[in-house]
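Participant: Go ahead and model the full structure; you've got the sequences and the hints to work with.
Residue numbers (our numbering), protein chains in the order written: chain A, 73 to 225; chain B, 73 to 225.
In short, the hints are calculated from the structure, not lab data.
You may find that some hints are simply not true.
When chains are identical, the list treats them as one kind, so a pair holds in a single copy or across two.
[Stated by the list, open to error] List of simulated lysine to aspartate or glutamate pairs, DMTMM-like, C-alpha gap at most 25 Å:
| no. | residue 1 | residue 2 |
| --- | --- | --- |
| 1 | 176 | 158 |
| 2 | 176 | 198 |
| 3 | 222 | 198 |
| 4 | 176 | 81 |
| 5 | 222 | 179 |
| 6 | 176 | 189 |
| 7 | 222 | 201 |
| 8 | 176 | 187 |
| 9 | 176 | 165 |
| 10 | 222 | 165 |
| 11 | 176 | 215 |
| 12 | 222 | 209 |
On a predicted model such as this, the values are computed, not experimentally measured, just so you know.
There are 2 protein chains.
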Amino acid sequence: MNPTQQYIEDFGLFAEQIGLTRMAGRILGWLLICDPPHQTMHELVDALQTSKSSISTTTRMLITFGMLERVSLPGERRDYYRLVPDLWTSSMERSSQQFTGFRKMADRGLALLADADPERRQRLQEMHDLYTFIAREFPQIMERWQEERKTIS
Amino acid sequence: MNPTQQYIEDFGLFAEQIGLTRMAGRILGWLLICDPPHQTMHELVDALQTSKSSISTTTRMLITFGMLERVSLPGERRDYYRLVPDLWTSSMERSSQQFTGFRKMADRGLALLADADPERRQRLQEMHDLYTFIAREFPQIMERWQEERKTIS
DNA sequence: CTGTTTGTTTTGTCAATACCGAACAAACGG
DNA sequence: CCGTTTGTTCGGTATTGACAAAACAAACAG
Chain A
73 MNPTQQYIED FGLFAEQIGL TRMAGRILGW LLICDPPHQT MHELVDALQT
123 SKSSISTTTR MLITFGMLER VSLPGERRDY YRLVPDLWTS SMERSSQQFT
173 GFRKMADRGL ALLADADPER RQRLQEMHDL YTFIAREFPQ IMERWQEERK
223 TIS
Chain B
73 MNPTQQYIED FGLFAEQIGL TRMAGRILGW LLICDPPHQT MHELVDALQT
123 SKSSISTTTR MLITFGMLER VSLPGERRDY YRLVPDLWTS SMERSSQQFT
173 GFRKMADRGL ALLADADPER RQRLQEMHDL YTFIAREFPQ IMERWQEERK
223 TIS
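Facilitator: Pasting the structure below:
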């Protein structure tokens, strides 16, 4: 297995760690390094040694996730797939949503223990306070990122 | 199903979203709301309507993850399980590690395309830059959290 | 020393799902 | 209008892994 194939496979394994499927990871990995950056379904089948159906299903999934987009060209019969621009900032957005999920679970717990001792509520209160803080700070970080990026380029 | 059971089940589903097992989520959910905050294996079996073996396996997993700890008391035959103090700040630490994972995959891709055009490397470069930025900012946020928490309490 | 309590590990089962092949649908070119 | 290309969907398969029952191990009480 050559280094490129290895990279793609490892990207697949990484994808599984973060809650995607292996095939989704392979597609993302390939679309990060391929030339040109947009690929047809057939090219994906070739590059990833997989079936049309897997590509079809997984690209649709990644499109609904907002990670991929379809590009069509006039006079071209087939579509191209490519990573959305700013894929990783929107990926951070998803992480942020996860933090919100934590906060919501803390909220629900606190509602459940509305009449309990503060001592008993403390565990949930700490969880709530942290994720509320994070939810407030996170957007600011991303703003600063946008700023810094402007100065880089 | 009463509200408490519902909460525990939903915590299980939430746990699956973030890469834990459903049972792990149920245990965490229960240990967040139970009284007292430390529970024996038998109490967990009772509260979660599950088997000894599942509790044993899952608590061990959560202990290696650094989310649970065993408490033993002198003159007591059985152990108690409880959430580690500062569970959620260390949970944020794990999120931070995930961001590092993204950066590493970007690094590997850039190494793979070491001799390629900058244009072709751009996708990976952006990924690299963002996650490097996040890895730098994240610890600072957590420091500020520690500060703010002191002032609250 | 024996039996009971506490916890672990092994083994099996069941459910979920990723993936593929093949049938199907749609659209365009000749 | 017909055949080829492009893409989707359906059905089947195989793998994975969560969970539980039961066998096992260990430690303490009497």
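Participant: Take the hints in turn and mark each one as holding or not.
Facilitator: Okay, the hints, checked on the actual structure:
1. In the homo-oligomer, the alpha carbons of residue 176 and residue 158 lie at most 25 Å apart only across protomers (18 Å), although the nearest pairing inside one protomer, at 28 Å, exceeds that limit.
2. Proximity of residue 176 to residue 198 under the C-alpha cut-off of 25 Å is restricted to the intra-copy arrangement: shortest distance 13 Å within a copy versus 32 Å between copies.
3. Taking CA atoms no more than 25 Å apart as the test, residue 222 paired with residue 198 passes between copies only; the shortest distance there is 12 Å, against 37 Å inside one copy.
4. Taking the shortest alpha-carbon separations for residue 176 and residue 81, only the inter-copy value of 15 Å comes in at or below 25 Å, while the best intra-copy value is 35 Å.
5. For the identical chains of this complex, residue 222 and residue 179 are inter-copy neighbours only, at 22 Å across copies versus 38 Å inside a copy, given an alpha-carbon limit of 25 Å.
6. For a Cα distance limit of 25 Å, the shortest separation of residue 176 from residue 189 inside one copy, 21 Å, qualifies, whereas the shortest one across copies, 45 Å, does not.
7. In this homomeric assembly, residue 222 and residue 201 come within 25 Å of each other (Cα to Cα) only across copies, at 12 Å, whereas the closest approach inside a single copy is 33 Å.
8. Within a single copy, residue 176 and residue 187 get their C-alpha atoms as close as 19 Å, which meets the 25 Å cut-off; across copies the closest is 47 Å, which misses it.
9. For a Cα distance limit of 25 Å, the shortest separation of residue 176 from residue 165 qualifies both inside one copy, at 17 Å, and across copies, at 20 Å.
10. With identical chains, the CA atoms of residue 222 and residue 165 are at most 25 Å apart within one copy only, with a shortest distance of 19 Å there and 29 Å across copies.
11. Proximity of residue 176 and residue 215 under a CA criterion of 25 Å is satisfied in both settings, with 24 Å inside one chain copy and 23 Å between copies.
12. Proximity of residue 222 to residue 209 under the C-alpha cut-off of 25 Å is found in both arrangements, the shortest distances being 21 Å within a copy and 17 Å between copies.
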